[in-house]
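K.L.:
Here the protein sequences line up with chains H and C, keeping their order.
Take the working numbering: the final residue in the first sequence is number 421, and no numbers are missing along the way.
Take the working numbering: the final residue in the second sequence is number 894, and no numbers are missing along the way.
Among these hints, one or two may not hold up.
[As the list claims (entries may be wrong)] Quick list of simulated restraints, FRET-style, between CB atoms:
#1 C:Lys796 x H:Asn370: 21 to 31 Å
#2 H:Pro347 x C:Lys796: 44 to 54 Å
#3 H:Glu324 x C:Ala834: 46 to 56 Å
#4 H:Gly348 x C:Asn844: 33 to 43 Å
#5 C:Ala834 x H:Pro389: 25 to 35 Å
#6 H:Pro389 x C:Gly785: 22 to 32 Å
#7 C:Pro882 x H:Pro389: 24 to 34 Å
#8 C:Pro790 x H:Glu324: 12 to 22 Å
#9 C:Gly833 x H:Glu324: 38 to 48 Å
#10 H:Thr365 x C:Lys796: 48 to 58 Å
#11 C:Gln799 x H:Glu363: 17 to 27 Å
#12 C:Ile836 x H:Ala386: 38 to 48 Å
[Stated by the list, open to error] Each computed DSS-like pair below joins lysine-lysine, with the alpha-carbon atoms no more than 25 Å apart:
#13 C:Lys826 x C:Lys839
#14 C:Lys791 x C:Lys826
#15 H:Lys308 x C:Lys791
#16 C:Lys826 x C:Lys796
#17 H:Lys308 x C:Lys839
#18 C:Lys791 x H:Lys349
#19 H:Lys420 x H:Lys308
#20 H:Lys349 x H:Lys308
#21 C:Lys826 x H:Lys375
#22 C:Lys826 x H:Lys349
#23 C:Lys839 x C:Lys791
No lab work stands behind these hints: they were computed from the structure.
By construction, the Cβ of each residue, glycine as well, lies at the ideal position given by its N, Cα and C atoms.
For reference, the chains in residue letters:
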Amino acid sequence: KQEVTQIPAALSVPEGENLVLNCSFTDSAIYNLQWFRQDPGKGLTSLLLIQSSQREQTSGRLNASLDKSSGRSTLYIAASQPGDSATYLCAVFGPMEYGNKLVFGAGTILRVKS
Amino acid sequence: NAGVTQTPKFRILKIGQSMTLQCTQDMNHNYMYWYRQDPGMGLKLIYYSVGAGITDKGEVPNGYNVSRSTTEDFPLRLELAAPSQTSVYFCASSRQGLQPQHFGDGTRLSIL
């Protein structure tokens, strides 16, 4: 059974800091990995999707890396801003034997203080 | 663009009542999903559909039913509401299985 773990569960940093969120998964035979952002009372917004053949993806101040063999991904946020405060969720797709679905971690609650 | 629209946004039910959570998408996506999110937990897949007329169980299907008569709509039905079904329910869609999923804003359901 695929399991996804996110560390830390919560993080509070001052504005301007660079930070790293961690995601690990138990079965490395994944097709892709996604990072999502969830604002309070809202649905999820996809931030980055990394295919299994890729090592990283970048979007603005966000950089996500994938080490499939070790079952790990990191989301790097540069120069954090109060508007980055949200819950960040990691999810993996696959392997197919577990069904045609994403498996989610519990998320990291990020607070950026001004 | 509307994207994925869920109704209602909030609902309180009594034990044993039934209701249907509505989900519609206007992106012509083939795949649609229903998840539930409990406090401090990740999302768990209830049911999914790969196209009109095709549905399949996810990780936690007990107590729920779905149908997919059109590409746009994917309603989720609770037949006999139980307190354990108190949760936030999210509908999502994607063009194909491996592509990014687009989420609605959720339905917050309390069963008392």
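K.L.:
For each hint, tell me whether it holds in the structure or not.
P.N.:
Now for the hints, and whether the structure bears them out:
1. The beta-carbon spacing between Lys796 (chain C) and Asn370 (chain H), approximately 48 Å, falls outside the hinted interval of 21 to 31 Å.
2. Range check, Pro347 (chain H) to Lys796 (chain C): Cβ separation about 27 Å, and the 44 to 54 Å hint is violated.
3. A hinted range of 46 to 56 Å holds for the C-beta pair Glu324 (chain H) and Ala834 (chain C), which are about 48 Å apart.
4. One distance hint, 33 to 43 Å for the beta-carbon pair Gly348 (chain H) and Asn844 (chain C), is violated here, with the actual separation near 27 Å.
5. For the hinted restraint 25 to 35 Å between Ala834 (chain C) and Pro389 (chain H), the CB-CB distance of approximately 44 Å leaves it violated.
6. A hinted range of 22 to 32 Å for the beta carbons of Pro389 (chain H) and Gly785 (chain C) is consistent with their spacing of about 26 Å.
7. Distance hint check: the CB atoms of Pro882 (chain C) and Pro389 (chain H) are about 26 Å apart, consistent with the given range 24 to 34 Å.
8. Evaluation of the 12 to 22 Å hint for Pro790 (chain C) and Glu324 (chain H) yields a failure: the beta carbon distance comes to about 40 Å.
9. Our hint of 38 to 48 Å for Gly833 (chain C) and Glu324 (chain H) holds, since their Cβ atoms are close to 45 Å apart.
10. Restraint check, Thr365 (chain H) to Lys796 (chain C): a C-beta distance of roughly 50 Å satisfies the suggested window 48 to 58 Å.
11. Checked against the hint of 17 to 27 Å, the C-beta distance between Gln799 (chain C) and Glu363 (chain H) comes to roughly 48 Å, which is inconsistent with it.
12. Under the hint 38 to 48 Å, the C-beta atoms of Ile836 (chain C) and Ala386 (chain H), about 46 Å apart, fit the expected range.
13. Annotation: proposed proximity of Lys826 (chain C) to Lys839 (chain C) holds, straight-line Cα distance about 11 Å (limit 25 Å).
14. Using a Cα cut-off of 25 Å, the hinted pair Lys791 (chain C) and Lys826 (chain C) holds, with the two alpha carbons roughly 19 Å apart.
15. Of the pairs offered as hints, the one joining Lys308 (chain H) and Lys791 (chain C) is violated, with about 32 Å between alpha carbons and a cut-off of 25 Å exceeded.
16. Between Lys826 (chain C) and Lys796 (chain C), the direct Cα distance comes to roughly 23 Å. Compliance with the 25 Å bound is thereby established for this hinted pair.
17. At most 25 Å may separate the alpha-carbon atoms for a hinted pair to count; Lys308 (chain H) and Lys839 (chain C) meet this at roughly 16 Å.
18. The straight-line distance between the Cα atoms of Lys791 (chain C) and Lys349 (chain H) is roughly 10 Å, inside the 25 Å bound, and the hint therefore holds.
19. For the hint pairing Lys420 (chain H) with Lys308 (chain H), the CA-to-CA distance comes to about 38 Å; that exceeds 25 Å, so the pair is violated.
20. For the hint linking Lys349 (chain H) to Lys308 (chain H), the alpha-carbon distance of about 29 Å lies beyond 25 Å, and the restraint is violated.
21. For the hint linking Lys826 (chain C) to Lys375 (chain H), the alpha-carbon distance of about 23 Å falls within 25 Å, and the restraint holds.
22. Only pairs whose Cα atoms come within 25 Å are accepted, and Lys826 (chain C) paired with Lys349 (chain H) is accepted, the gap being roughly 17 Å.
23. Proximity of Lys839 (chain C) to Lys791 (chain C) is assessed by CA-CA distance (about 24 Å); at most 25 Å being required, the pair is judged to hold.
Of the numbered hints given earlier, the model fails hints 1, 2, 4, 5, 8, 11, 15, 19, 20; all others are met.
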